[in-house]
Structures are given as structure tokens and as C-alpha cells.
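Respectively, the protein sequence lines represent chains F and W. Using my numbering, you'd call the opening residue of the first sequence number 400 and step up by one each time. Using my numbering, you'd call the opening residue of the second sequence number 3 and step up by one each time.
Honestly, the hints are just simulated from the structure, not real lab data. A quick note: this is a predicted structure, and the numbers were derived from the prediction, not measured. Watch out, some of these pointers could steer you wrong.
[Unchecked claim] Taking lysine to any residue pairs in the SDA-like style, the calculated list, with each CA pair at most 25 Å apart, reads: (1) F/Lys840 / W/Phe402; (2) F/Lys753 / F/Ala763; (3) W/Lys499 / W/Leu332.
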Amino acid sequence: MIMLYFLLLPLIAVVIAPFLTPKKATYLSSFVFLLPFFAIIGCLFRGCPEKVSLMSLSAPLGEFYFNFDFISHAFGLTICIVSAMIALFALPYMTHRFEEMERNVDSEFRKYIFLYNLYAASMLWLVYSGNLVLLYVFLELSLITAFLLIYSYGYGNRKWVGLLYFVWCAVAGVLTLAGIVILAFENDSLALDVLMQGGKVSMLAWAFIFFGMIIELPVLGPHVWLPWAHAEAPTPVSALLSPLTVGLAGYVLLRIALIDYSFIETYRMPILCYAIFSSIYAGFSVFKQTDFKRLLAYSTVSQMGYVLVALCLGPFGLIAVVIQYMSHAFGKSILFSSAGGIIAVHHGLRDLTKMGGLHDSIPAISNAAVVGFLNLGGMLTIGMLGEFFILRGAVETFLNPESPAFLGWTGSLPLILAMIFMFMLSVWYGFYTIRKVFYGKPKDTKRLEISSYLYLPLYIIGIVSVLLLFPPLSTALIQGLNSIPGLCLGGVVP
Amino acid sequence: MIDAWIVFLLLLLAPVVSSIPIVLAYKSKEWTEKLPYLSVFGIFISVLMSLYIFFTFPKELPASQFAYPWIPDLGINIVLITDYLARYMGVVTALIAFFIAVYGLDYMKGDYRPSWYWFFFNLFTASMLLVVYSDNLFLLFVGWEGLGAASWGLIGHWFRDDDDIAYVGKAGRKVGPLELSWPPSFGGWRAISTIRFGDVPMFFAIAAIWVLTGNLNISEIDWGSLFMGIGAAGTIILMLCFLMGLFTKSAQVPFSEWLMTAMTGPTTVSALLHSATMVAAGAFVFLKVTWYIEPWHLHGVPGLEVVYTVVLFVGLLSGLYGALAGSGMLERKVLLAASTMSSIGLMFAAGAASFWIHEEIAGINLALLVGFWYMAVHAFAKASLFLVAGHLIHATHSRFCCGGLEFAKRMKTPFIATIIATTFLVGMPPLTAYWVKSAMDEVMELLWHEHHMLIPIILLILTSLIYSAIMARFLSLNFVRGEKPEHEHLEGGGLMKLGYTMMVSVLFILLYLIFTNAETEAFVHAGYASVSFAVGAGALIAYVLAVYVPRLKVFSRVPGTFFNDRMYLPFLNDYIVPKTGFFISRVVQNYGNRGIDGFFNTRVIPGLFGIISRGIRAIQTGYLKSYVKIVLGLVMVFLVIASLWGLGL
Numbered sequence: 400m401i402m403l404y405f406l407l408l409p410l411i412a413v414v415i416a417p418f419l420t421p422k423k424a425t426y427l428s429s430f431v432f433l434l435p436f437f438a439i440i441g442c443l444f445r446g447c448p449e450k451v452s453l454m455s456l457s458a459p460l461g462e463f464y465f466n467f468d469f470i471s472h473a474f475g476l477t478i479c480i481v482s483a484m485i486a487l488f489a490l491p492y493m494t495h496r497f498e499e500m501e502r503n504v505d506s507e508f509r510k511y512i513f514l515y516n517l518y519a520a521s522m523l524w525l526v527y528s529g530n531l532v533l534l535y536v537f538l539e540l541s542l543i544t545a546f547l548l549i550y551s552y553g554y555g556n557r558k559w560v561g562l563l564y565f566v567w568c569a570v571a572g573v574l575t576l577a578g579i580v581i582l583a584f585e586n587d588s589l590a591l592d593v594l595m596q597g598g599k600v601s602m603l604a605w606a607f608i609f610f611g612m613i614i615e616l617p618v619l620g621p622h623v624w625l626p627w628a629h630a631e632a633p634t635p636v637s638a639l640l641s642p643l644t645v646g647l648a649g650y651v652l653l654r655i656a657l658i659d660y661s662f663i664e665t666y667r668m669p670i671l672c673y674a675i676f677s678s679i680y681a682g683f684s685v686f687k688q689t690d691f692k693r694l695l696a697y698s699t700v701s702q703m704g705y706v707l708v709a710l711c712l713g714p715f716g717l718i719a720v721v722i723q724y725m726s727h728a729f730g731k732s733i734l735f736s737s738a739g740g741i742i743a744v745h746h747g748l749r750d751l752t753k754m755g756g757l758h759d760s761i762p763a764i765s766n767a768a769v770v771g772f773l774n775l776g777g778m779l780t781i782g783m784l785g786e787f788f789i790l791r792g793a794v795e796t797f798l799n800p801e802s803p804a805f806l807g808w809t810g811s812l813p814l815i816l817a818m819i820f821m822f823m824l825s826v827w828y829g830f831y832t833i834r835k836v837f838y839g840k841p842k843d844t845k846r847l848e849i850s851s852y853l854y855l856p857l858y859i860i861g862i863v864s865v866l867l868l869f870p871p872l873s874t875a876l877i878q879g880l881n882s883i884p885g886l887c888l889g890g891v892v893p
Numbered sequence: 003m004i005d006a007w008i009v010f011l012l013l014l015l016a017p018v019v020s021s022i023p024i025v026l027a028y029k030s031k032e033w034t035e036k037l038p039y040l041s042v043f044g045i046f047i048s049v050l051m052s053l054y055i056f057f058t059f060p061k062e063l064p065a066s067q068f069a070y071p072w073i074p075d076l077g078i079n080i081v082l083i084t085d086y087l088a089r090y091m092g093v094v095t096a097l098i099a100f101f102i103a104v105y106g107l108d109y110m111k112g113d114y115r116p117s118w119y120w121f122f123f124n125l126f127t128a129s130m131l132l133v134v135y136s137d138n139l140f141l142l143f144v145g146w147e148g149l150g151a152a153s154w155g156l157i158g159h160w161f162r163d164d165d166d167i168a169y170v171g172k173a174g175r176k177v178g179p180l181e182l183s184w185p186p187s188f189g190g191w192r193a194i195s196t197i198r199f200g201d202v203p204m205f206f207a208i209a210a211i212w213v214l215t216g217n218l219n220i221s222e223i224d225w226g227s228l229f230m231g232i233g234a235a236g237t238i239i240l241m242l243c244f245l246m247g248l249f250t251k252s253a254q255v256p257f258s259e260w261l262m263t264a265m266t267g268p269t270t271v272s273a274l275l276h277s278a279t280m281v282a283a284g285a286f287v288f289l290k291v292t293w294y295i296e297p298w299h300l301h302g303v304p305g306l307e308v309v310y311t312v313v314l315f316v317g318l319l320s321g322l323y324g325a326l327a328g329s330g331m332l333e334r335k336v337l338l339a340a341s342t343m344s345s346i347g348l349m350f351a352a353g354a355a356s357f358w359i360h361e362e363i364a365g366i367n368l369a370l371l372v373g374f375w376y377m378a379v380h381a382f383a384k385a386s387l388f389l390v391a392g393h394l395i396h397a398t399h400s401r402f403c404c405g406g407l408e409f410a411k412r413m414k415t416p417f418i419a420t421i422i423a424t425t426f427l428v429g430m431p432p433l434t435a436y437w438v439k440s441a442m443d444e445v446m447e448l449l450w451h452e453h454h455m456l457i458p459i460i461l462l463i464l465t466s467l468i469y470s471a472i473m474a475r476f477l478s479l480n481f482v483r484g485e486k487p488e489h490e491h492l493e494g495g496g497l498m499k500l501g502y503t504m505m506v507s508v509l510f511i512l513l514y515l516i517f518t519n520a521e522t523e524a525f526v527h528a529g530y531a532s533v534s535f536a537v538g539a540g541a542l543i544a545y546v547l548a549v550y551v552p553r554l555k556v557f558s559r560v561p562g563t564f565f566n567d568r569m570y571l572p573f574l575n576d577y578i579v580p581k582t583g584f585f586i587s588r589v590v591q592n593y594g595n596r597g598i599d600g601f602f603n604t605r606v607i608p609g610l611f612g613i614i615s616r617g618i619r620a621i622q623t624g625y626l627k628s629y630v631k632i633v634l635g636l637v638m639v640f641l642v643i644a645s646l647w648g649l650g651l
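In isolation and in its complexed conformation, chain W is listed as follows:
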């Protein structure tokens, strides 16, 4: 067995180190065309290492925890863990990054700054792997910030804002005072500012956990006594601060806007960040933390139920919001982005349901298991769809959905990949996601039967049906019943096809795993329940209907535009918040700074000096008479004081 730290170092550093040569060679066109292969090789090493960890590393604590001192006196250490979640998620992350990197070799060919792209792409992969494997909250946060910085770099990759293909929204389309069109450089800034809005509260929560428990390792913290110690108000504030980081990163309502404008980045970026890894990181960390909090044992803790109810409903509402918004959209990538936030919402909801769920399979809470497996299935399916969308954008020079059956005949590989990815994702029996979704139905059903919460299951079913329809809509508008594309550029794209073919084929492996793994047995079992089957059949019907009628004329105007404009959530992000901020800036600058600088600094202080100086100069007249007067006056004052003092006053 290789030393564990060598494996981890290779896993985390290989992508970063292998992307440094292309950065150094940024001036040479010749080298920047060759060196991307090295970067991809770096990610391939990560894949090997993640697989090695998956098959050989210990699974149970304490053997699965690896610690190296960082600032040991203060409890900040490099602690990595190879528990169930990390092992699976590590492989998922590395594999997806690798497939997308292979695809990117083709997709990013001839780009104007390859060094930038590959550096941030690999930095992103390494950061995500760090988030996945780290057990120490500070170390996790280092990876977390790496995700933020790398996503900023990648989303704003086409910083010149000169190509309409990289925009989001229709150029010039105005609603009220807002222009609903966003350039890439704006997408990057929007992403990092929204993420920062959640990161700092999360950082504060980590600092608070550090002080109050004296430990930063997620698996070692005594969560129960932490919550008991700080009471209901403390628990709610602490956990909401922590969750702010997760919700913003995962683009849950109302922080979802950045994900939509993030579609200004290259499609590879959307595939990696905005389907499988970065947005999933929020849900992943939530599952990871919940795994060790074990909230199902902590029903006596005041405030914790509030926290989990909040997550449950934020997740479900984001799920519904994303699905509805997607139903009106015509931009390929934005449609997929909306469906992604919907899926992530369901992951949050499933994870949060663990608070009420006691069923365990192979020692793992059912709700957490469902959340996690849905994440894995969704990651591969959605990443494939994004990659197909990228290929279509290349082939048609349009970011709007277009293409009919004729087009599909000439683009067989993407057509088939889309059919597989969508059908496997929407939960129609008996394909991969169906089993996971069935278990999710079962979880929400348990909430209804045992805890009288009816709304979650209604929201879930509603979301599932609409979600199925929008995925079918994506297929239909691009390959079946869409308009004929204006341009067709079908040559090449071999590596692109290879990328998404590999990606989509993993869905079959996952199906196989669901049927063979011990812990997923419950999924299969749930698949045979009548409710699950009804929901699955509903999804199938919705899918078929939407393929047949992707756009309803009746709805295209009234709810269609409303949904397409994301229910006017951009007003919050593009109008209310910035207007308020700039108003304050203006007040500060025009009144505050001008007042201090222009009045205090250039009038008041010099004026005061002038007065004092004039006063002193006024005495110095040169006439003996006035000096005598001054001296006599001072003598008089002195005499008065002396006599008063003498009198004892």
C-alpha cells in the first residue's frame, strides 16, 4: 500500500502543479496548444488516486481519518477523511472533471486565453476535492474559497464581453428599468459577490464552532452538547449563518440569480461547476455535516427542528422555483441551470428530512443516502446535458434552443446522449434516477404519515412532474420539434463526443451499483411501492407530452415570459440591492467625503490657523504704547488673581 499522504498529495496537488507550465508559457501560442494535455493528465492522476482511495482506504473511523499538523496548538490541522460520502463524491468529482477536461481539449481549442482557463479549471478541481475529503472545517473553507475564486475566474473567462454567444438573456430586452441581458465579466462579479454574501457568515459560524467546542473536525465535534450549550437562539443563529454559505453556493432561493448569469462562462465550466461540483458542494457539505450531527438523535435540542424545517422548505421551494423557471426558458444553458438549482433543492430537502427519519440501511440514514445518491446521478446526467448543449452551441452558433429531427439525424451522438441523460434523470421507471427518486418519495411520504407534513410530498411530486417536462422540453426543442438552426457546423468535435459519451455511460454503472450495493437495496424496494410507481408513471407521461408539445402557445405569453424572466427575481439582484448600495456610496462620497475633505480639511482647519495667526500678529503693532497696555493688563490680571487667592477664595 502506498503511503496515504503521497496519495493525498497527488490527488490534491497534481491538478494544480500540472497547470502551472501552461501559465508560465502564456505568451507562446505553440506551447499553449500542447500543454492542455498536461493539465488533463494532472486531473487523470486525481482520478486514479480517488479510485485508489475508494478501493483500498479504510472506511470506518478512526482509521479513515488522516491528520497532519498545521497550527496544532489552535486545533487547525490538515485533516482528511475517507468516509462513505467522501469516497464516493471524490470519485464522482474527479471523474466528471476528467471527462469534461477531455471534452474541453476540443471545446476550448483556439480560445484567446487558454492559460487562464486551464489554471482555474484545475485549481477548481483541486479545491473541490479538498472540500470533499477534508474533515477540518478550516481546511474545508480553504477549498471552499478556492471554489469561489476559481468560479469567478471561469465564469468571467470571456472577459472581453464582445461575443453575443457568451451573454445571458436577449440583448436589449428591457423590463421596466432593467435590461435583461448580462455579459460574462458581469457574471463573474455577480457570482463572487453573491457567494461572498454567504461565505463570511459561514466563516463566522466556523469560528464560533471553533471557540465553543475547541475542535474543528466535523467528525469529532460533539454537536449535541454544542447546541445544548448555546440554546435555541444560539443554535438557530449559528446554523443559519453556516447555511448561508451553503445556500449561496448552491444557488437556492433567493440567491439563485448568480447561477443563471454564470451561464456566461464556457460550457465546460457550466458543466463542471454548475451541475456536478460547485453548486452541489453546498448540498454535499450539508449532507456531510448532517451525517455527523445525527439530528435524528437530537430531537430534544431546542431550535434544531427550526433549522431543519428551514432547509427542508428552502430546498423544496428552490426545487419548484427552478423547475417552473426552466419551463419558460429558451436558452439552452440557462434552462439547464434552472433545472440544476431545482435538483440541488431536492438534495437539500432530502438531507433535511433526515431530522425526522429514523430508518437506517447498513448504518446510514435513509434520507441522507437518498440525498447523496440523487447528487451522484444528477451530477453525471446534468454534466452530460451541459456538454451536449456546448456541442450544440458550437454546431449551431446559437445559445437558444433550435434543431429538429433532421438536425438530430445528423447529430446522432448528442441526440442519443440527450435521450439517455434526460430519461435516466427524470425518474421514469426503471431507469437510474427512478430508484433514487422512489426512495425520495418514500422519505417525504414518511414525513406525511408519521409527522403530518403534507406539503413536502406535494411539492416534491409537483417538482418531479414539471422537472420531467422541462428535461423533455430540452430534448424536444433541440432535436425533435425545434426550429431549424440558422447555421450548421457539424464537422469535428470528436473529443467532445468522447467526453459526453463517457459521461453518460456512467449512468449505466450507477444503475448497476444501485442494484448490487447493500445500502441501496432500500431504493429498489421503494421502487416497487405504489406511490413511487405512480409518480414515476406521471413523470413518464409528462415527459412524453412535453416531447410532443414542447411549447404551448397559450402559455407562452402569460406565465411563459414570467417564468423565463425568472419570476422577476433579477429585480432584487439587479435593481434593489445595487441601487441601495450605490445610493449609500453616493451619499458617502458626495456629502461625507466632500464634507470632510472639502470643508473640514480645506476650510475649517486652515481657517482656524488663519484666525490664530491674525490674532497673534494683531498684537505685534510695533507701538510701545500697546505693548505697555498689554503688560499692564497682564499685571492687573495677576494682581486680581493673587488677591483673590490671598483672600482664600
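Here chain F stands alone, though its shape is the one from the complex:
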């Protein structure tokens, strides 16, 4: 029960923060996300009750409850720490943004912090909701709040971009809802625990949810909204949108896959090839971007390809979905914030062609960006485990003679090489970008004095991402994930 109260803490901030001064509101917001973060860490070690029931509705809706399993914890702790840190980062950034927009800082900050808290809280509640309807409600809530944030405080033609984002994600939401409705009538309940015990997901329901979620994820094709939305959103919103929101599509797919894996099994090859192609395509796109935030947006598409690849690779792949989400969230929130830092310090500088040698003026931000790219590339951070599990999933699926999808060493070689190449690309474009933005001949070697809000939160995220690779955190987390039915070695998923 106590865990439920921790999860409801952000609600307090949603209500109270708008009445405080910007600084106090920021601290409050950060605090109400940090507390559940530590509570979740406690849960990893000591365990906590599996569910807290809210109410029971008649069929086909089923029970509404909060679900405390390790998957939710993993997603939850990521959302908490990123939201808490980005809230701090946003203080100088948004103040600066309001001044730039020539608006009253205090009154705008009230509106902004309300939307921000509601946005972050809706994502946190989403991953803990134990009923697909509840999950859908929070999905739409996060969509609306994010839309409003982009619409009101974005850059460029923000109204058009906001609408673009809203329309695409609304389509994604409607398709998913259609899938959920079909699911409801097939199983007479939408409560996850009921579904997990022998629930069936028909191909039609799967198809609706799958196509809905690959728009939200997104992969190549329906990804059109993403570079716009991520580039033009105010940076703290980009730093939640890209790391946390889009990956939630992966969360939804993971939950459905745990109920019934048959869809993925049937269409494994086309989905896998599509995901790898999408990831490599987006990886190559990164090299040619001239806008830093847009560059990061394409890298998100590339990383989400990893998530979809992982989804196709059996139980180890499914664990990798979780870890990949975490490492991408840590890395990308750091990177978007460092892009934001450059914007704030260098007067709106986003054009890569005008960058180069920035390390001299803002070393703290530059080094944070390195940590961010290490996360994306899966070096020395939790991302390493993600990559390792994806590779293990690939071996289990294609090289294990007992697997139904066994291809043999020579047969699976092209696929394996493509995946290997996919992993290489993220380090390549990462360090290429670092060099292009921060290194080379500096225009000005004077070190700028910058607000510590702009970099300290990023290092905290970075430290968390490194700590999560090592014991005791990874021991608790990975062993916990591995104990979930369907994810463990002898689970229902082949």
C-alpha cells in the first residue's frame, strides 16, 4: 500500500506546484519524483506486494489495479529519475525560454510546471497500471499534456508541429484502443494478471496494437512526426518525450507479448528485418543532420529499432527491451539536455555547421554529452547489458538447435552481421557528433560561467546509468526481471 502513496506523490506536485514560485515549484517537482525513485530501489531489494487493487469493474473491463512487478519497477525508476532531474534542468532553461518569448515568467511557469508534472506523472502511472484501459487513459493523458507543452512553448512553427505530433499519436492511440477493445471481448477482462494467465490475443487485436505502437515507437515510415516534434519541442519536453514517452510503446508491446507471443513468432522475420533496416537507416540519417536536436531525434528512431529488434528475440530479447529502454532513456535525456544547455548558453545555437570547439566554453556540458553517447552505444553503462541480452536473444533464437526459428551458423550470418552493424552505428555517429560539436578549433577559449542546474542533473543521471551496470543494483534488477514468468528461462515464451 505504501508504494501506492509514493506513486501518488506526484499528484500533490501537480496540484500544489503551480501556486509556488518557480524555484520552489521546481524543487517540489524534483522531490516528488525522487522519493518514488528511492522507494522503487527499496522495492528492488526488499520486494513489495505485487498489486494494489483500486476497483473492480464488470466484464469486459475487469479489475483496475496498480501492478508492482519488476518490469514496472524498471520502467518506473527510469521515469522517476529522469523526470526529477529534467525538472531541475528546466528551471533555468524554461525561465530563459519565457524571457525569450517575452512572456511573464512567473505566470507562465505555473502553467508549464502543471503540465510538466502531469505529463511525467501520467507516464509513471502508465507503467504501473494493471489494466489496459487504465494504461490507455494514461497514454492519452501523456499525449495531450505533451502536445500542449509543444504547442505553447515550442520553437519554430510550434503550432503546426504540435498538431502533427498530436494527430499521429492520436492515430496510434486509436489503433491501440481498437486492439484493446477486441482484446476485451475475447478475454472478458483487461486486467493484466487475468490476461497473463492464459489470455489470448487474436491476430487482429495484435495487428491493431502493433501498428498503433510502431507509429508511437516509431519505426521508419511512421516516424515522420518524430524529428519535428523532438526538434521543435522546448528542450525539457524533448528530454522527456524522446527518452520516456516514445519508448512506452515498447512497454505496451512488451506487455502484450508477455500475454501472447504468437504474433511475433508468426511474423518474426519480417518484423526483425524491418526493425534492423529502420535502425540502420535512421543511423545513417544522423550523419547528415544539421540541427543538433533533429540529429538526436533520428538517433531516437535508430534506438527504437533496437527495442523492436529485442522484442522479436524471445525471453532474453524481452528483458533487453526493458534494459534498452532504460539505457536509451538515460542517454537521450542527457543528450537532449546538453543540446538544451548549448541553446541556453550560446543564445539558441542549434546549427551543427556553426558548432565546433564548444568544449572550451562549456566543458561540463560537453562531458555530459559523452556520457550520453556512451549510454546509447552501450559502453560501460547499463546499455552494455541491453546489447548483451539482445545478442544473446539472437543466438538463442537463431543458433540454438532447439529453437523453432533455428537457422544455423551460415544461415543466420547475414542477419547477425546486420545486427552487429546496427550496434556499431550508434557509437560511430555518437563520437562523430561529439567531435563535430565539441572538438576541433575553438572559436573562443573563454570558459563560460553556467548555471549548475544545466549540468549537475545530467551527471546524476549518468552516475545512475553506470551504477545500474554493477552490483548490487544490476543483481537485484536483472535477477528480478529474470524471475518474471515469460521472461525467465523456462517461461512460456519460447
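Given chain F, work out where chain W should sit, using these hints.
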């Protein structure tokens, strides 16, 4: 006896923890001048711990293996091992890092970002120690990635690209479309991208080993049944994937370019990473894995011979390539880098020869022992030479070889250190490397006599002779017959001298060890064989000749430039690969993204909505007549369908 885990924690964490204060104090000039001493002290603790492990820890399995749970359900554990290789290599790594760190206190004084340097230097040392001691492949890979990240940071240390002294290649020198000149920030990016090219396949191979054997501990994996289970194709693919990581890290052909451009880093970095530790890590892991694979017992396994033949020839060819490339070079550090890749190649070749060699001394395969001891001798000798090169660059403000006898008289310590390091390294009797090289000759000779492989010994002898000549050339061009330096700045450098004096003196200890250790007895024995002696004498002659005539006018143009330009391998790295990559990027961006974004997103979808909307609006004319028509039309359609249905169609 201290608890083993306390020793290991101190060993691995002391360097990292001791470099954190200087990172936190990065803004204060006063503190960043003092705190490097703390960082060096951290490495000194590692030295003590590695020595403690060397003298007191158990040597034989299972007592030499120490395990702590990490993700025990899945077999990922913190497993460290103190076997023969780890014990020696640990001391070598820690000692070399410490000597270089002492030298670095002087060399890096007044640098513009000391915090960065010391953090990555110490992170690198810790990572390397982790690679050396770990038995679990995943843990090893953590250290491996640490090496990659730290090397990127250190090579690109002078990120401003504003000082020609940090470049590689002559500014403005163009061959075809290529400018053969590389700045530091580029060197860093080149290093990490090349290394990544090998790391991911290696990671895949580790994942495959994990699945197929259910174990990640190198010493526990049943390699024989793993290879039998996956057949010839599987063995070859698996091992080549694994070796990709080792070859790229060790800069073997054709992945050697990153090592040459890595010379853009500070010289301390070149000394630590590019002679003794990081590039040697590839060969070290190969020896370590081969140690437990015991391929000499696995001749029945299909495919394994192919793998070891590949390594043998990649090693030997890299050896020859490096030596030849070095023979045309005039940049101090790049010359040494080329000779390093040559030596590493020989280590690979010696290790790979173990497949065919059955001789064992004190229970250790002769070929592996040779590979390993050559690594140790080379590490100290080459690190000394790099440190001397760094001192010379400081003293002459030039990264090109220069300095004559007169200069040598004023720079006595580096001159003597260079003489010792080169002569002890090239394998002239009776100095340290001679005994190891003799055993290597013996190994290759065995391949010839027992397995009819003549090419390896020819390649080895050829490499040894050229190698000896280029080392002598380094001595001669810098101290004997080089041009007079334009600048001379000879004051100071006390700690630098101390660094390489300590480093070079270890070569005497190694000589002593070779004569006293039980397992190296065979080296001494091999030293008295006639072939070995002939090769040693050849090396001596080549050395003397090259000291006397370091540059041949006749050759300086035709093969000289060709070798100096690394046989135009940069074209692969600087032209073919990036051009292909950027071509794809351009296609993707200009056609793909513009197509999707500019056409699909802004034309097709809004256009479709427009058409539908116009269609709907077209109905709503407001005239009663048209609405009646629509309704009547719908009624007609309904009637037709109803009647068809009624007819049973």
C-alpha cells in the same frame, strides 16, 4: 594474509577513486597542479597490490579463481583469476602505468585540461588491470570497453587541434584526393570507431559462447565440446568474430591505421596505450583464451586449424607490414607505433603457433610462453622508447626525428636509455629479447620441420632483421646521424628521466628472470641453437649498419615514400570506407528523408484529406433537389441489393 577481495578492490578501484578529486576540482588551477600526485599514488597502490598478488596468491586452479555474484542466475559473475599470465601481466601493467604516470607529472605540467587527462589515464589503468585479471568474459568485456573509451579520451586529449606538434603526418601533404595529415580529435574518433568495428562482433561471440556453453568463465568453459557442437562453420564464424575484437584492438592489418593516427595523443598516452597495454591487450586475451582452449589437444576439431592459421598469418604479415612501414618513417612516434604493431603481430603469431606445438615446459606450452615473454620484454622496452621520444619532442619542439652526436652529448640519459632499450629489444645476443626471440625462432623452426610450413620462419627472420634496422634507425636519426634540431630546450625533465630510467632498468631484471626462472630455461637453451644465433647475429649486423647509414638516398624516394605513407592503407580508412558511408547517408537524407518528410508528410497526407474533405463538402450544396437525388440513389442501391439477396444470389 589480507582478504583477497580487499586486495582486488584496492587494485582496481584505487586508480579510479584517486583520480576523482582532480575531476571535481577541474576549475581550480591551484588544485589541478597538486592533485596529479594523488592520482599517481592511486596507481602506486595498484602496483603494490599487483606485487602482493604476484607473491602471495595461489597459482593453481581452483584456488586461483575468485568469484563474487553479479547476476548469478545467468552466469554473469565477477570472477578474477591469478593464473600465470594474469600474475605477470598484472605486475607489468601496473608498473608500466606507474612509471609513465611519474613521467607524466613532468610531461603534462601546464597542460590545458589536466583533470581530463588524469581521469582517463587512471580509468585506463584500472580497465587494463580488469582485463588482465578477469576470468569472466563479460567482466573482461567491461574492462575492454573501458580501454576503448579511455583511449578515445586520451588520444583526443588535445582536442583543440591548434598545435602542429600534436598532429600526425605533414600538414598539407596530399596524395591524390587525400591529405595525409590528421589532427588529435580525428585520431580519437578514428580509434574508437575502428575498435568498435571489432568490439561488437566480439561481444556477439561472447554472447554465443554464453548460450552454447552456459558458462562465461574462460577457465571453466569446455572449449572442445563447444567447437564440436557447432561444427566447422560455426567454429570459424565464432572465433573470427571473437578475433575481430582482438585484431582491431591490437591494430593488426588491415585495422592498423588507428594506431598511427593515435600518435596525436600525448606521448605518455602513446607509451602506455600503444606499446605496453592496450594494443597488447588483444594479444594478451588471445594468449589467455588459447591457454585454456589448449588447441594442441584439439586437432580433431574441424575448423580450428583454419582459425589458428588465420591468426598465424595475420600476425606475421602485420609484423612484416609494421617493420616495413617503419623503415620509411621520419616521425618519431609514428615510427615507434609501426614497430609496435610489428611486435604485437609476432606475439599473435607465436601464440597461434601453439596449435601445432606440443613442447611443454613446467606444464606451459612453449609457444604461448614465448608469446607472453616477448610481450613483457617489448612492453618495457617500447614504453621506454616512447618516453624518450616524448622527452625529445619536448626538447626539440619537433615530432620529426632530429639530433646528432652533439645533441646526444647534452642529452646523455635519453641517449643511453635509447641504446639500452633498442639493443635489448631487437634480439641481438646476449641481451634480453635475444633469448625470447631465439625461442620464437625455435617455435617457427618446429613448424617448418614438423609441419612443413616454411613461410612462417622466413617471415619471422625477415621481420626480425628489418625490425632491428628500424630500431637502430630511431637511435641514429635522433642521436647519431640526424639533422641538427632547430630548437633545443634541454633544462628540466627530471621526473621524465626518472620515468624512463626506471622503465629501462626493468629490462635487466627481466634478463635475470629469464636465466633464473624454471619455465624460461628453454629460452636459454634455444639461445645456443645455431639458427637462433645466426638470426641474432643478423639482427646485430642490421642494427650496426642502420646506425651507420640510417637513410639510404637510393631508397628514400621509391620505397621510402611508399612505406612512409603506410603503403597507402590510409586510402581504405580515409577514402573508401568514409566515402561509402557518407554516400549512403546522403542518399538516405536527400532521397529517403526528403521523400518521406517532404512528399509523404506534407503532400500526400494533407492532399488525401483535402480530397476527402472536398468530396464531402461537394455534397452539401444546400439545394433540396440534390439531397433528394442522393436519397433516391441510395434507396435504389438498397433495393437492388435487397432484390439480389432475395433472389438468393
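Here's how the hints hold up against the structure:
Simply put, F/Lys840 and W/Phe402 have alpha-carbon atoms about 23 Å apart, close enough for the 25 Å limit, and the pair holds. Restraint check: the Cα-Cα separation between F/Lys753 and F/Ala763 comes to about 20 Å, which is no more than 25 Å; the hinted pair holds. The straight-line distance between the Cα atoms of W/Lys499 and W/Leu332 is roughly 23 Å, inside the 25 Å bound, and the hint therefore holds.
Going through the hint list in order, the structure satisfies each hint without exception.
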